[in-house]
Amino acid sequence: MIDLYLNLPVWVQATIKGLIAIGVLIPVAGACSMAERKVSAWIQGRPGPNRAIVPWVAWIPFVGKALQRLGVFHLMADGAKFVFKEDVVPGHVNKFYYYVAPLVALIPALCTIVVVPFGAYIDATTETLKPLILADVDVGILAVFAIGSLSVYALILAGWASNSKYPFLGGVRASAQLISYELSMTLSVIPVFLWVNAPGGNGTLSLFDVVESQSQAGFLGGMWFIFLMPMCAFIFLVALFAETNRQPFDMPESESDLVGGFHTEYGEFKWSLFFVAEYVHMTIGSGVFVLLFLGGWNPLPWIPLEMVISSMPMWLGALVGVGCFLGKTFFFIFFFMWVRWTLPRFRYDQVMKLGWQKLLPLAIANVIFYALAIAMIELS
Amino acid sequence: MPTELNVPDAAAKTAEAASQEFETEKMSLAMGPSHPSTHGVLRLQLELDGETVTKCDPVLGYLHRGDEKIAENMTYNQFVPYTDRLDYLAPLANNAAYAAAVEQLANLEVPARCQSIRVITSELARVSSHLMGLGAYGIDVGAWSVFLYSFTEREKLYTLFEELTGARFTTSYSRIGGVARDMPEGWTDRVLEFCEQFLPILDEILKLLTRNKIFMDRTVDVGVITAEDAIGYGMSGPNLRGSGVKSDLRKDRPYWGYDQYEFDVPVGSKGDCYDRYLCRGEEMKQSVSIIRQAIAKLPGGSYYAEDARKIFAPRKDKVMSSMEELINNFMIVTEGPQMPAGEVYFEAENPKGTLGFFIVSKGGGVPWRMKIRGPSFCNLSILPHICKNELVSDVVSILGSLDFVMGECDR
Chain A
1 MIDLYLNLPV WVQATIKGLI AIGVLIPVAG ACSMAERKVS AWIQGRPGPN
51 RAIVPWVAWI PFVGKALQRL GVFHLMADGA KFVFKEDVVP GHVNKFYYYV
101 APLVALIPAL CTIVVVPFGA YIDATTETLK PLILADVDVG ILAVFAIGSL
151 SVYALILAGW ASNSKYPFLG GVRASAQLIS YELSMTLSVI PVFLWVNAPG
201 GNGTLSLFDV VESQSQAGFL GGMWFIFLMP MCAFIFLVAL FAETNRQPFD
251 MPESESDLVG GFHTEYGEFK WSLFFVAEYV HMTIGSGVFV LLFLGGWNPL
301 PWIPLEMVIS SMPMWLGALV GVGCFLGKTF FFIFFFMWVR WTLPRFRYDQ
351 VMKLGWQKLL PLAIANVIFY ALAIAMIELS
Chain B
381 MPTELNVPDA AAKTAEAASQ EFETEKMSLA MGPSHPSTHG VLRLQLELDG
431 ETVTKCDPVL GYLHRGDEKI AENMTYNQFV PYTDRLDYLA PLANNAAYAA
481 AVEQLANLEV PARCQSIRVI TSELARVSSH LMGLGAYGID VGAWSVFLYS
531 FTEREKLYTL FEELTGARFT TSYSRIGGVA RDMPEGWTDR VLEFCEQFLP
581 ILDEILKLLT RNKIFMDRTV DVGVITAEDA IGYGMSGPNL RGSGVKSDLR
631 KDRPYWGYDQ YEFDVPVGSK GDCYDRYLCR GEEMKQSVSI IRQAIAKLPG
681 GSYYAEDARK IFAPRKDKVM SSMEELINNF MIVTEGPQMP AGEVYFEAEN
731 PKGTLGFFIV SKGGGVPWRM KIRGPSFCNL SILPHICKNE LVSDVVSILG
781 SLDFVMGECD R
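Protein chains in written order, with my numbering: chain A, 1 to 380; chain B, 381 to 791.
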């Protein structure tokens, strides 16, 4: 089976990988929307969606009821609704950009998954840990930032193409906010890579190597970066909230003053593409956070994955790795939702002030501090 | 032939560009009548410079139903259901205020028990209305869960209202000269039970916002109304007290025996959105204290004015047994409660502010003219003044802190 796959032309392999990425991420985004409704219900002390059910499934004892209570069918009904609803396009929009904007939102969001490793396995021939990744490129994190930041164009395009005042304000806010937080976000990961790329070694920006350097032997070697560099993790997390437009930073669509922000004029399937893109962003953002600061697929600090799975068959070891990684990622997705349903929303100018006057100086000071500290350690 | 190179002077060009003023335009933005945070059908015609509001023009009347004219065409009792729809978040308080106004016209004193019932129901309505105001304010600044928490408490209150009046929302509980029916058996105990469990929950809800940094950033020093302005624009209720004016009709001009109860009137110091929010939170606690006192010293006796024979329809058992009462009942139902000629103005301290009724009677069962002073209308009149030079998001914050109801504003 694997031989057959490896003998295929490269472009067929790439297509298969891409389809798998889409096939995994879109259901995850859907599950996130279901989780959002259930988590918010849980936080607010209400049952949440628990009514919809399909006849045949309803007849399965226990399982049918459990699925109904989980609201799984609401998710499917919602999805079906988006596909079958009437496609209303307001007369005043710029049609071309209006249609392009949701695609521009979704495609970069899906592309970033390509360079994000989501697990690891022990290669039988070389006895070394290999990442489970669609494309193991050297520029790893740089590719994530570069492709991920393209999504700001979607919000600007949507706001502009809608040719209406509230989306316009949303689009303007989006462009300012996303650009200002990108700076702090990029600066916050520099110490991580300073630490990973010891002088004399091969310079790398690969996320796999970041996880590898969190699974070394020794006290410092096995330490997750969240303990080693808590300030970096904090800045990255705050910037991540702003980058994914989640409350308290959801300025582009703050529904109490801008109605719907950039997607006010969007409906049905095009709207759902924005919706999916937001959740995909959130999923990948959480994944990158886990890789950078929470030891990726390592089950616990100072206990690397290799130690746990060395005696297991290859497929089981890979599953354990993916499981650890996904577990942490899902916790962070839950954390995003938890914050959203607890905190009020900032005002637009406060978001900008926070980004430029607090977070950016902090990030710069942080880079300088860690650069000096790492240099001291290297010299001594 | 060599051509002369024309190198533009970059520095001069930049200086020229900087000296030129950019052609900027102001944008007009219609906030409402269908907008998530204009709480109903208020429309604000905003003029924006970027995101800063340079002019705010409230446009009213989307919910105008002509209540004052309607009142001229029906008997006094028939108008009670219309008062439900003034401030539809506190119908019990409106009912009682309206009945008290008409009773003042008739120079009628209702018995002590009726007064106590009106105090209890009005204070419950205050709690319910402020809970809604608090929750909706939560949504306006982005804290959704606060709304759900306060709504859960409101549902419990509505269950109590349903037991008392038969309706959860539009209660129509008052009649001229009394209330529709006495409190059911054990109802006061259930009210006390509610009060018991409500205070800790209220503290918990307030804890989510009061010292929350983001909430304080959004509300402190936003929409500041000075005491002079507040009085000048005729504001009332928590919005006036938030500006530091200690004015509460329950204290200043006690009605229904409010002077026998001990309670404090919370006032703010700065008059910003945060102060108004704090005032509402504290008022709920004071209301609970009033309810407890009123239930503790609830007098017995009749729940309606028995001696006012031409005003309050007699009880059913009397109608069935006595000819005179039957005729009386018929007259009140068809012709309305008989009022003397005269003019009267009565105002009560409602959750949203001072709700006033001005009634001109030429005798008989129908008012000749009625004017309603809706507190929300007066409170909103300050919007053009305070929204100037605020951001769009602040307008939302200010609107929420004024806690208005369009039903009462447009009438």
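A hint or two may mislead.
What the hints assert, rightly or not - Straight-line Cα separation of at most 25 Å, BS3-like style, residue types lysine-lysine; simulated pairs:
id	chain 1	residue 1	chain 2	residue 2
1	A	Lys165	B	Lys742
2	B	Lys650	A	Lys165
3	A	Lys95	A	Lys81
4	B	Lys751	B	Lys449
5	B	Lys587	B	Lys650
6	B	Lys593	B	Lys536
7	B	Lys665	A	Lys353
8	B	Lys768	A	Lys353
9	B	Lys536	A	Lys38
10	A	Lys38	B	Lys587
11	B	Lys587	B	Lys690
12	A	Lys130	A	Lys17
13	B	Lys742	B	Lys650
14	B	Lys650	B	Lys449
15	A	Lys85	A	Lys95
16	B	Lys677	B	Lys593
17	A	Lys17	A	Lys38
18	A	Lys358	B	Lys768
19	B	Lys690	B	Lys631
20	B	Lys536	B	Lys742
21	A	Lys165	B	Lys593
22	B	Lys593	B	Lys626
23	B	Lys587	B	Lys631
24	B	Lys435	B	Lys626
These are computed hints drawn from the structure, not numbers from a lab.
Check your understanding: Given the proposed pairing of Lys650 (chain B) with Lys165 (chain A), does the C-alpha separation stay at or below 25 Å?
Key -> Violated, because 34 Å separates the two Cα atoms, which is more than 25 Å.
Check your understanding: Quick one, are Lys768 (chain B) and Lys353 (chain A) close enough, alpha carbons at most 25 Å?
Key -> With Cα atoms ~22 Å apart, Lys768 (chain B) and Lys353 (chain A) stay inside 25 Å; holds.
Check your understanding: Lys650 (chain B) and Lys449 (chain B): Cα distance at most 25 Å?
Key -> Roughly 40 Å between the alpha carbons, so the hint for Lys650 (chain B) and Lys449 (chain B) is violated.
Point to revise | Hint consistency between Lys435 (chain B) and Lys626 (chain B) [alpha-carbon to alpha-carbon, up to 25 Å] | key: Answer violated: Lys435 (chain B) to Lys626 (chain B) is near 31 Å, above 25 Å.
Check your understanding: Under the criterion that the straight-line Cα-Cα distance not exceed 25 Å, is the pair Lys536 (chain B), Lys38 (chain A) satisfied?
Key -> holds, 24 Å
Point to revise | Given hint Lys95 (chain A) paired with Lys85 (chain A) - CA-CA distance at most 25 Å | key: holds, 19 Å
Practice item. For the pair supplied as a hint, Lys587 (chain B) and Lys650 (chain B), confirm whether the alpha-carbon distance does not exceed 25 Å. Key: Since the Cα atoms of Lys587 (chain B) and Lys650 (chain B) sit roughly 21 Å apart, the hinted pair holds (cutoff 25 Å).
Check your understanding: Regarding the pair Lys690 (chain B) and Lys631 (chain B), is the alpha-carbon distance no greater than 25 Å?
Key -> Violated, because 32 Å separates the two Cα atoms, which is more than 25 Å.
Check your understanding: Are the Cα positions of Lys587 (chain B) and Lys690 (chain B) separated by 25 Å at most?
Key -> The given pair, whose Cα atoms are some 52 Å apart, is violated under the 25 Å limit.
Exercise for review: For the pair we were handed, Lys358 (chain A) and Lys768 (chain B), check the Cα-Cα distance against 25 Å.
Suggested key: violated, 28 Å
Check your understanding: When you check the alpha-carbon spacing of Lys130 (chain A) and Lys17 (chain A), does it fall within 25 Å?
Key -> Judged against 25 Å, a Cα distance of about 17 Å means the pair holds.
Review point. Is the hinted pair Lys677 (chain B) and Lys593 (chain B) satisfied, with a Cα-Cα distance of at most 25 Å?
Key: Roughly 43 Å between the alpha carbons, so the hint for Lys677 (chain B) and Lys593 (chain B) is violated.
Of the numbered hints listed earlier, those contradicted by the structure are 1, 2, 6, 7, 11, 13, 14, 16, 17, 18, 19, 20, 21, 22, 23 and 24.
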